[in-house]
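Given next are the chains, with one letter for each unit.
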Amino acid sequence: MTKRILLGVVATALIIAAAYANFYIAPTERTMGVIQRIFYFHAATAWAGEMVFFVCFVANLLYVWKREQKYDWLGVTCAEVGLACITIVLITGPIWAKPVWGIYWTWDARLTSTFVLWLLYVSYLLLRTLIEEPGRRALLSALFGIFAFLDVPLVFFSIRWWRTQHPAPVIMGGQGSGLDPTMKKVFFFNVLVMHIFCLFLIVERYVLEKLRHDVDLLQREAEVQ
Amino acid sequence: MALFSNTATLLSKELRTEFRSRELLTTTSVFILIVLVLFSFATNPGTEEARQFAPGLLWLAILFASSLMFQSCFLREQVNDTLSSLRLAVSDPFAIFLAKLIANTLFLLLTEALMLPFFAIFYNISLWSKLPALSLVLLLGSVGIAVAGTAISAISAQARMRELLLPLLLLPLLTPVLVVSATVTGSLLDRDPVVQWKGIAFLGVFDVVFLTALWIFGQYFLEE
Amino acid sequence: MKNLDSVFAAYVVGWGIFFIFFISIVRRTSALRSEVDRLKNSLPRGK
Chain A
1 MTKRILLGVV ATALIIAAAY ANFYIAPTER TMGVIQRIFY FHAATAWAGE
51 MVFFVCFVAN LLYVWKREQK YDWLGVTCAE VGLACITIVL ITGPIWAKPV
101 WGIYWTWDAR LTSTFVLWLL YVSYLLLRTL IEEPGRRALL SALFGIFAFL
151 DVPLVFFSIR WWRTQHPAPV IMGGQGSGLD PTMKKVFFFN VLVMHIFCLF
201 LIVERYVLEK LRHDVDLLQR EAEVQ
Chain B
1 MALFSNTATL LSKELRTEFR SRELLTTTSV FILIVLVLFS FATNPGTEEA
51 RQFAPGLLWL AILFASSLMF QSCFLREQVN DTLSSLRLAV SDPFAIFLAK
101 LIANTLFLLL TEALMLPFFA IFYNISLWSK LPALSLVLLL GSVGIAVAGT
151 AISAISAQAR MRELLLPLLL LPLLTPVLVV SATVTGSLLD RDPVVQWKGI
201 AFLGVFDVVF LTALWIFGQY FLEE
Chain C
1 MKNLDSVFAA YVVGWGIFFI FFISIVRRTS ALRSEVDRLK NSLPRGK
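Chains as they are written, first to last, in this note's numbering: chain A, 1 to 225; chain B, 1 to 224; chain C, 1 to 47.
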């Protein structure tokens, strides 16, 4: 319990530090001005979200292979945390894009595959609510999760190679190249912070899932009485 | 090899079941026709813009039809409780998937063949010269749709609200197929037709990736 | 500074979503903990 509280405190402290860095340490971008500061939060959350979905994929594989409940709990946990991240990415992106490029949205490879990723994992969670039996639910959602994750790079490249028109605005941080060194440091600090914060969320959500299982067991025991 | 003989037996069963009643083929073909007609009402048929949208609309119609067609795939087994006997009848559970997959691809291709003449007429597009290349795109696209559709059908058959769930799970997965097939078909039906071999290769890759995934994980879909 | 309200909106919405997610976890966890206690107490002694 104390380790969890410690993680939460560390995560909060890091978030505050990152906010300070985003607004006071990072220099103002020449062309976009202040609004570019959304980038640190937005892109770092995107990276963390993708990492979380990768962990979900691994958890799904491990469940199908080993059939241990903890992998199912990890899977649903990562799906929810990842979905929170991607939701934020899909909202902060347009908030940034509109003042800068005049449009909320464009169907380029990154945005489209992010949106499809979001749809797939919403479906993953929806699927879980529609299967009652825990073992079956765990297995079928793990299988769908595997197929979904395999699909995402295919979506990305299909759009990139067959749907890119005129140079689309680089909305989601293609600015890795040619980024000012201070900006780069601030960005990677944000990436670290978001990973740690996501780890904190994963731990808390995982504990909840385990508790749910304990309650189910106890309820079944009580029914037997 | 046992897999092939098992698959052949099951495949003939699937085909016989369908061709006895032909209900799946007829309803799906009529549905694609209705969708094409509706698209014509929604857009402005006969214009140059309609010609540009036509390939995309064709593949959309195929996608919608497939999400209906695959409903019965595993549901049929569930309703009649034949899945356990199927599993006992074969040594490799992948045979069940392979048989259904091949059957579904064939059914899809049949409905597409039935519907292509109407498509050509509605949108004033001549298909004859491009038929070989078009057939290749239709084949690879349909295989991709069928692989994903058969897998998702196995999942949704074991859940509630399966009629809504199947399209919900299937359609996002098939985005790459829609994008690439529509684009390749579009450039085939253009004024100066071009065969996009990269696109055809991509469809092949999609098919191989999902077929491999189904081969590795197929047995788990049907577990008791 | 122009666009500062957009920056503000993005950070507020972003962290707001994380905050709501976290709070929902905390609430569900405490509800389940009390449920666990209730069930444990309702079961006969010596179990």
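A few of these clues could be false.
Claimed, not checked - Taking lysine to aspartate or glutamate pairs in the EDC-like style, the calculated list, with each CA pair at most 20 Å apart, reads: (1) Lys185/A to Glu68/A; (2) Lys66/A to Glu50/A; (3) Lys3/A to Glu204/A; (4) Lys66/A to Glu224/B; (5) Lys98/A to Asp5/C; (6) Lys66/A to Glu23/B; (7) Lys98/A to Asp108/A; (8) Lys70/A to Glu223/A; (9) Lys66/A to Asp108/A; (10) Lys210/A to Glu133/A; (11) Lys13/B to Glu23/B; (12) Lys3/A to Asp216/A; (13) Lys40/C to Glu223/A; (14) Lys210/A to Glu35/C; (15) Lys40/C to Glu221/A; (16) Lys13/B to Asp81/B; (17) Lys98/A to Glu204/A; (18) Lys130/B to Glu77/B; (19) Lys130/B to Asp81/B; (20) Lys70/A to Asp214/A; (21) Lys210/A to Asp5/C; (22) Lys70/A to Glu29/A; (23) Lys210/A to Glu68/A; (24) Lys210/A to Glu132/A; (25) Lys13/B to Asp92/B; (26) Lys70/A to Glu133/A; (27) Lys2/C to Glu132/A; (28) Lys184/A to Glu68/A; (29) Lys40/C to Glu132/A; (30) Lys40/C to Glu50/A.
Stated by the list, open to error - Where chain A lies over chain B, by a calculated footprint (3+ residues, C-beta under 8 Å): (31) 70-76; (32) 158-172; (33) 191-202; (34) 216-222.
Hints in this document: simulated from the structure, not taken from any laboratory. Note that beta-carbon positions come from the ideal geometry of N, C-alpha and C, so glycine has one too.
Here is what the structure says about each hint:
no., hint, result
1, Lys185/A to Glu68/A, "40 Å, violated"
2, Lys66/A to Glu50/A, "24 Å, violated"
3, Lys3/A to Glu204/A, "11 Å, holds"
4, Lys66/A to Glu224/B, "16 Å, holds"
5, Lys98/A to Asp5/C, "13 Å, holds"
6, Lys66/A to Glu23/B, "42 Å, violated"
7, Lys98/A to Asp108/A, "16 Å, holds"
8, Lys70/A to Glu223/A, "25 Å, violated"
9, Lys66/A to Asp108/A, "38 Å, violated"
10, Lys210/A to Glu133/A, "16 Å, holds"
11, Lys13/B to Glu23/B, "16 Å, holds"
12, Lys3/A to Asp216/A, "26 Å, violated"
13, Lys40/C to Glu223/A, "13 Å, holds"
14, Lys210/A to Glu35/C, "13 Å, holds"
15, Lys40/C to Glu221/A, "10 Å, holds"
16, Lys13/B to Asp81/B, "16 Å, holds"
17, Lys98/A to Glu204/A, "35 Å, violated"
18, Lys130/B to Glu77/B, "39 Å, violated"
19, Lys130/B to Asp81/B, "45 Å, violated"
20, Lys70/A to Asp214/A, "12 Å, holds"
21, Lys210/A to Asp5/C, "41 Å, violated"
22, Lys70/A to Glu29/A, "45 Å, violated"
23, Lys210/A to Glu68/A, "13 Å, holds"
24, Lys210/A to Glu132/A, "17 Å, holds"
25, Lys13/B to Asp92/B, "17 Å, holds"
26, Lys70/A to Glu133/A, "16 Å, holds"
27, Lys2/C to Glu132/A, "52 Å, violated"
28, Lys184/A to Glu68/A, "41 Å, violated"
29, Lys40/C to Glu132/A, "24 Å, violated"
30, Lys40/C to Glu50/A, "40 Å, violated"
31, 70-76, "violated (count 0)"
32, 158-172, "holds (count 8)"
33, 191-202, "holds (count 3)"
34, 216-222, "holds (count 3)"
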